[in-house]
Amino acid sequence: MFNPQLFMQLLVSGIVIGSSYALLSVSFGIIYATTRIFHFAHAVVYTIAAYGAVVALDKLGWPWWLCLVVGLVAAVILGVIIEIVAYRPMRNRGASTLAIFLTSLGLTIAGANLIQIIFGSENRPLSGFPMKTYQVGSVTFTSLHVTIVLVSWLLIGGLMLFLRTTKYGRATRAAQSNSQMAMSVGIRMERVSLVVFALGSLLVGVSALLFTLGGVASPNMGLSPILIGFIGVFLGGIGSVSGAALGGFVLGLATSLSGLWLSGDYSPVVVFGLMFILIIVRPQGLLGKAVR
Amino acid sequence: MDYLADVGITILIYIILGVSLNLLLGYAGQVSMAHAVFYGIGAYTAGLLSLPILEAAQGAAARGVTSGLGWNWIPALLIAIVFTFGFAFFIAFPAAIKVTGEYLILLTLAFQVVINQLMNSLVNVTGGPYGLTPIPPLSLFGHQLVAPTQAIWIFVVAAAAAFFLSWRVGESPFGRLLKGIREDEIAVRALGKNTRLVKLTVFGLAAAIAGMAGALAAYYYQFIAPGNYTLDLSIFIVAVVVLGGTGNLLGTVLGAVVLGALSPALQNIPWIGTADSIPWQGVIYGLGLALIMRFRPQGILPEGLTPRWFKRAEKLAADAATAGTPPEWSLAAQDPDSVATCASGEEGTQAEEVVRITGLARTFGGLQAVDGVDMALRKGRITALIGPNGAGKTTIFNMITGELKPDTGRVVYRGQDMIGRKPHELARAGIVRSFQDVRVFQRLSVLENVAMAVPDQPGENLLRLTFRPLAARRSEKRTLSQARAYLEFVGMADKADESVTNLSFGEQKLVAIARLLATEGDVLLLDEPTSGIDVNSVNQVIDLIQRLCRFGKTVCIVEHSVHVVGQLADHVYFLDHGAVIEQGTMAALTSRPHLVEVYFGT
Chain A
1 MFNPQLFMQL LVSGIVIGSS YALLSVSFGI IYATTRIFHF AHAVVYTIAA
51 YGAVVALDKL GWPWWLCLVV GLVAAVILGV IIEIVAYRPM RNRGASTLAI
101 FLTSLGLTIA GANLIQIIFG SENRPLSGFP MKTYQVGSVT FTSLHVTIVL
151 VSWLLIGGLM LFLRTTKYGR ATRAAQSNSQ MAMSVGIRME RVSLVVFALG
201 SLLVGVSALL FTLGGVASPN MGLSPILIGF IGVFLGGIGS VSGAALGGFV
251 LGLATSLSGL WLSGDYSPVV VFGLMFILII VRPQGLLGKA VR
Chain B
1001 MDYLADVGIT ILIYIILGVS LNLLLGYAGQ VSMAHAVFYG IGAYTAGLLS
1051 LPILEAAQGA AARGVTSGLG WNWIPALLIA IVFTFGFAFF IAFPAAIKVT
1101 GEYLILLTLA FQVVINQLMN SLVNVTGGPY GLTPIPPLSL FGHQLVAPTQ
1151 AIWIFVVAAA AAFFLSWRVG ESPFGRLLKG IREDEIAVRA LGKNTRLVKL
1201 TVFGLAAAIA GMAGALAAYY YQFIAPGNYT LDLSIFIVAV VVLGGTGNLL
1251 GTVLGAVVLG ALSPALQNIP WIGTADSIPW QGVIYGLGLA LIMRFRPQGI
1301 LPEGLTPRWF KRAEKLAADA ATAGTPPEWS LAAQDPDSVA TCASGEEGTQ
1351 AEEVVRITGL ARTFGGLQAV DGVDMALRKG RITALIGPNG AGKTTIFNMI
1401 TGELKPDTGR VVYRGQDMIG RKPHELARAG IVRSFQDVRV FQRLSVLENV
1451 AMAVPDQPGE NLLRLTFRPL AARRSEKRTL SQARAYLEFV GMADKADESV
1501 TNLSFGEQKL VAIARLLATE GDVLLLDEPT SGIDVNSVNQ VIDLIQRLCR
1551 FGKTVCIVEH SVHVVGQLAD HVYFLDHGAV IEQGTMAALT SRPHLVEVYF
1601 GT
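Line by line, the protein sequences give chains A and B.
Take 1 as the starting number for the first sequence in our numbering and just add one per residue.
Take 1001 as the starting number for the second sequence in our numbering and just add one per residue.
Covered by chain B, per the in silico footprint, the following chain A stretches (three or more residues, Cβ under 8 Å): (1) 88-98; (2) 107-116; (3) 226-233; (4) 259-270.
Interface residues of chain B toward chain A, partial, derived using beta-carbon atoms under 10 Å: (5) Leu1104; (6) Ile1105; (7) Leu1106; (8) Leu1118; (9) Asn1120; (10) Leu1231; (11) Val1238; (12) Tyr1285; (13) Leu1289; (14) Leu1291.
Away from chain A, derived, C-beta distances all over 10 Å, residues of chain B: (15) Asp1002; (16) Gly1304; (17) Glu1353; (18) Gln1368; (19) Gly1372; (20) Thr1408; (21) Gly1532; (22) Asn1539; (23) His1560; (24) Thr1590.
Don't read these hints as lab results, they were simulated from the structure.
The structure displayed is predicted, hence computed values, not measured ones.
Here a beta-carbon is modelled for each residue, glycine too, at the ideal position from N, C-alpha and C.
Produce the entire structure from the sequences given, and follow the hints as far as they go.
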């Protein structure tokens, strides 16, 4: 039976989830499109942002919004360090995509476990956000939900503006469409890579903090959001911010609306099933151009 | 003792999972992030078959689990193996057809997560997060093998079997195909091999071996739950393989022992203790993975680094060298001076027409790459396609060999229309090609490169390899000696055992020609056989091609060098903008100034 009230509620949560998935996808997509690195360790960057904020709150007692800044700084630093220490030397040596992916995988495993050893395996909340609940008709949502939607799309819009208008943004777009050509006209790939790692890490940090404000931090929290980010990117079509955003958004909406027919247990099945089918029937993504 | 035996069983399970994944990841170059799921599918299959039969009411009480069938573990194990094979074979279709690289990583990741989640969610079948229990223990001759010290022997046998099987398969002609697919799948297809079937089979085989381990583990632990088959385990097994060395099974054993012993060893360090040993294990193997990829990507024991007694393929090759049975048309024995030169410079219209191409056309986007080409290839003649870059020469090759489908036109070979056939079918029918950028299999030896091309090897078929091992071995000997004879023909026999990577580009081109000959195809399409090589090698190649056509091969070359075409070609087609604008002998064409203008752009 179709239930209009349930539908509206799922639609609203779908928009919220979709917005956060869009941000995740964009944060991974900008790194992947520019460097072609399958940056699995993005999961650790996500986690470290949450733990940075939680630790600042618990140990230093700073106001919650300042703790968010600490988390973001931690994320950006870690992302950039991974690029400089791990990926860059491998790229320069001409390592294969698989080798770099496996490095990233190793860093993810090591990072998540190290966090568990240092901070313990228990869930850590990040409290302080002024949570309010709103009721419109039969639909319920919170002030955090509104924040998630606004912040996500503001950042995505800001990123698109950055890529179009600034010097580094244009260099990044050049590198995305053809890195060889970009280098030959004097664009320094190393610097462009640093910029995209910093940006991607910043965005994923925001995503992690928005999540933790309403939930908890835990050592393995990064894995499933990052998988979702991957899927959003491949769903939307590699290489464009708007594609990644759309891919992530559709994914979130579909996950939420699948609740009309399926129990929440099955949402990973929906997410990954969607991608499974898409990879087979349309590997270039929803917005991607057909490859000959 | 029980504790040590338990650790031993864990390591043996890692060995089984590792060697099977190595077939897939190391030999075939196919990344799978879902190995744990196949381990799990084996476990659930066996578990459901062997759970005790419960009355309906009791079954419901036992957390909603439907009752099992009460089977003995041995038949259930066999069913689990077969089922896992079939499941993986089916699920690998997208991977076998087109999914590679990052997409394959993502696809297998997705598969891992979906199936693992279903293990949690399909409570009626799998028992949900709490899993299935009590699965009866392993038993032999009526004795239950509950204690680890007893059960370990079953795992020793299973691990030995898995290792032996993987090694046999990896070092067989089938394994050679796997390595070929890893290096360059298009080149393998161009040699007439059905790579899809090979990929499906290896996905199935790797999964089946993992499924066996899963089933045995289910009986040993007497308990199955989704938490045992997570992405973490899949990643761990990848780490075992990569750390030990991809493509080296002994390395995998080493990797399994080192990583498997890590957690128990850490437990005994006082400041870590039992609780923290698992995360520390994660930190160590995670960092290990990152570091080894950074500093020694080939792993601890790189491919090919194995004790001498272990190298089955080389032993066979050495045997073959002495056996010395040359292929039927005893190539090398022919005296090159006894036959008149091939390029007579006359219009060779009398010779039998082997391939007839009519109205071949193809566009890319708005660009008419090939525009209604008619041509004929004749037996024992050398036909050349020349023309400026972008004239459509290689595109014509791609269409003749089935890599590319023409928009219109026909390719008739010995009276049969070949359009729509797959590249490997065309190659098997006798139309074979070489590539401009040679596309030899880089990490394989010269001999292996050529041996891969020999058609109809029984050892390429897993069933025949398993059930007719002696026949497969005999045929492999024949294959290797044939490959050697072809190498002799091109003058590369002394380099047979070297890795192709160590050869000069000119030598690689010669190996590529030997490989082409080994397919026994009779229409040879050679894409720029002399480009980018030194003068000596050019002369060698020219001589070689002349000898080939004297043996009745139908040869077609794409070539830029006017000198080479002048020496070789009986008939030349001059292409520009995808169409034949002139044809005739080279001498006739060079006398026409407008062609010289098109070609040299003066």
